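K.L.:
Residue-level listing of the chains:
Protein chains: 2
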Amino acid sequence: MAGRGIPDSVPPIINESIKMLRNGRWQIMAEPIHNDRPMAGVGLASSFAASWHADHIGEEIGLIPCADGGTSLNDWQVGGALFDHAIFQAKLAQRSSQLTGILWHQGENDSSAELAAKYGEKFDSIVNELRKQLGAPEVPMIIGAIGDFLPYGLFGAHFNDYHLVNSALQKYAASHNNCNFVSAKGLTANEDQIHFNASSLRKFGLRYYQAFLNAADVTEALPDEDELLGKIYGRELSPNERKFILDINFASGKISLSEFQHQLKLIDK
Amino acid sequence: MAGRGIPDSVPPIINESIKMLRNGRWQIMAEPIHNDRPMAGVGLASSFAASWHADHIGEEIGLIPCADGGTSLNDWQVGGALFDHAIFQAKLAQRSSQLTGILWHQGENDSSAELAAKYGEKFDSIVNELRKQLGAPEVPMIIGAIGDFLPYGLFGAHFNDYHLVNSALQKYAASHNNCNFVSAKGLTANEDQIHFNASSLRKFGLRYYQAFLNAADVTEALPDEDELLGKIYGRELSPNERKFILDINFASGKISLSEFQHQLKLIDK
Chain A
1 MAGRGIPDSV PPIINESIKM LRNGRWQIMA EPIHNDRPMA GVGLASSFAA
51 SWHADHIGEE IGLIPCADGG TSLNDWQVGG ALFDHAIFQA KLAQRSSQLT
101 GILWHQGEND SSAELAAKYG EKFDSIVNEL RKQLGAPEVP MIIGAIGDFL
151 PYGLFGAHFN DYHLVNSALQ KYAASHNNCN FVSAKGLTAN EDQIHFNASS
201 LRKFGLRYYQ AFLNAADVTE ALPDEDELLG KIYGRELSPN ERKFILDINF
251 ASGKISLSEF QHQLKLIDK
Chain B
1 MAGRGIPDSV PPIINESIKM LRNGRWQIMA EPIHNDRPMA GVGLASSFAA
51 SWHADHIGEE IGLIPCADGG TSLNDWQVGG ALFDHAIFQA KLAQRSSQLT
101 GILWHQGEND SSAELAAKYG EKFDSIVNEL RKQLGAPEVP MIIGAIGDFL
151 PYGLFGAHFN DYHLVNSALQ KYAASHNNCN FVSAKGLTAN EDQIHFNASS
201 LRKFGLRYYQ AFLNAADVTE ALPDEDELLG KIYGRELSPN ERKFILDINF
251 ASGKISLSEF QHQLKLIDK
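Line by line, the protein sequences are chains A and B.
The numbering of the first sequence is this note's numbering, which starts it at 1 and goes up by one.
The numbering of the second sequence is this note's numbering, which starts it at 1 and goes up by one.
Check the hints yourself; a few may be wrong.
Copies of one chain are not kept apart here, so a pair can be met inside one copy or by any two copies together.
As the list claims (entries may be wrong) - With a Cα cut of at most 30 Å, we get these calculated DSS-like pairs of lysine-lysine: (1) 269 - 185; (2) 231 - 265; (3) 254 - 185; (4) 243 - 254; (5) 91 - 122; (6) 243 - 132; (7) 122 - 185; (8) 269 - 254; (9) 132 - 254; (10) 118 - 231; (11) 171 - 91; (12) 132 - 265.
What the hints contain is simulated information worked out from the structure, not anything from laboratory work.
Since the model is a prediction, treat every value here as computed from it, not as a measurement.
Chain A on its own, in the form it takes in the complex:
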């Protein structure tokens, strides 16, 4: 999942210990992490990383964006552009980091009965080859459900059999080591009823982290999702992080040079 949460509909997550891969190098994370399409927005990786960081103060985490919106498993076939691109990104990242997790969320466009019937088999072969090429046979992989809202929105009929994909994902996780499944229960969508909305994606990321932390499926909403997000949003920003935001605002033309210099002095004081 690249993420189509509307950016300004949730508080931002800025944390200098959370990086994203850009041109093979690590940069401080800012959303959109993916840039697969012009409408890329909030995804689930940011709150996953923030949640991870709260348990690993003093350490750094890096995100390797590889997702491409609207793609089916056929688009992800071994040796295709998406697959090879993802492998290359991860290998570039491995030059300066250790691969410690794989977050997978995909399947809306495999929701027909015909495609869903082959989901498990295709997914197995893609993941096997991914793990092989990355030398990562035991790295934890977290996979999550596609949304229960899918049949009720734009192109709803296209998604009538979405639950077959969820069954396939759940079955895969149950029958493979180092893989856990995350429920999307209660999560809601943008007005299109296709894409998870930003506040649901924040919660989804927390659930992905719980599955990662405990190496166990997450079958329900967490009892304290709002509280956990409140802590993430309420975290005090470091001077570096305040400068990072200031740089973006100035370079994007949102504040003037004099305002930029004024704010910079306040941070450095």
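Given chain A, work out where chain B should sit, using these hints.
P.N.:
For chain B alone, coordinates are given in the frame of chain A:
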């Protein structure tokens, strides 16, 4: 150059015959083409492509973004992350297209007398290896000057010797086949006096295309830059292009579902 032109300060360029590489596949171009940093904005590639397209109706052009803001030639050393990333992107693109040009704009952070003295030699060896690894010994390469405003802005002292980089670029173009140099005369900057502004980048792209078209240096502003841009901005959008913009506006939360559906009907009528 990734491009830091303020996005909404110039009219957009939307053209379904102009693509950009995303995850190894071609998508309709929308700016920012680069996403190296959160402040990525307008660059020079969009108007280059639009200018190319006006001369090649019925054909398609694809852009392969590889730039990374603020980098020096040392960051681009052969075998480094940026270099290898660029090679891989271009190779992915070559699976479904033909490489027909290389646009280079870089050098601000090589502007010290010490670094500038070695610019020509380093650049030569990077370009040689780039051409070799891509099997592209004769593909035209267009290189452009860094801005005359550099010594007068934020960190101006850092850029005092910027003209040495321009001399090195000009000398390289003069002494190598399949390479031409483009002047930045008259182009202006954002308030930081470091980054070209969006309207200048639109003009710069036109100059790059002129150099590409004629396989000749462009040493002055073109006489008709405003007129050429007026034609690009005034081009009538196809139904596909209008849908593309509509999709972005809806998915970004800028218009409601009912407005989206209403507009869609108008396009399909």
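K.L.:
All hints, please: hold or fail.
P.N.:
These are the hints, each one checked on the structure:
{"no.": "1", "hint": "269 - 185", "result": "neither (47 Å within a copy, 40 Å between copies)"}
{"no.": "2", "hint": "231 - 265", "result": "within (28 Å within a copy, 45 Å between copies)"}
{"no.": "3", "hint": "254 - 185", "result": "between (38 Å within a copy, 27 Å between copies)"}
{"no.": "4", "hint": "243 - 254", "result": "both (14 Å within a copy, 29 Å between copies)"}
{"no.": "5", "hint": "91 - 122", "result": "both (23 Å within a copy, 26 Å between copies)"}
{"no.": "6", "hint": "243 - 132", "result": "neither (41 Å within a copy, 41 Å between copies)"}
{"no.": "7", "hint": "122 - 185", "result": "within (25 Å within a copy, 56 Å between copies)"}
{"no.": "8", "hint": "269 - 254", "result": "within (23 Å within a copy, 39 Å between copies)"}
{"no.": "9", "hint": "132 - 254", "result": "neither (46 Å within a copy, 43 Å between copies)"}
{"no.": "10", "hint": "118 - 231", "result": "neither (41 Å within a copy, 50 Å between copies)"}
{"no.": "11", "hint": "171 - 91", "result": "within (29 Å within a copy, 37 Å between copies)"}
{"no.": "12", "hint": "132 - 265", "result": "neither (51 Å within a copy, 48 Å between copies)"}
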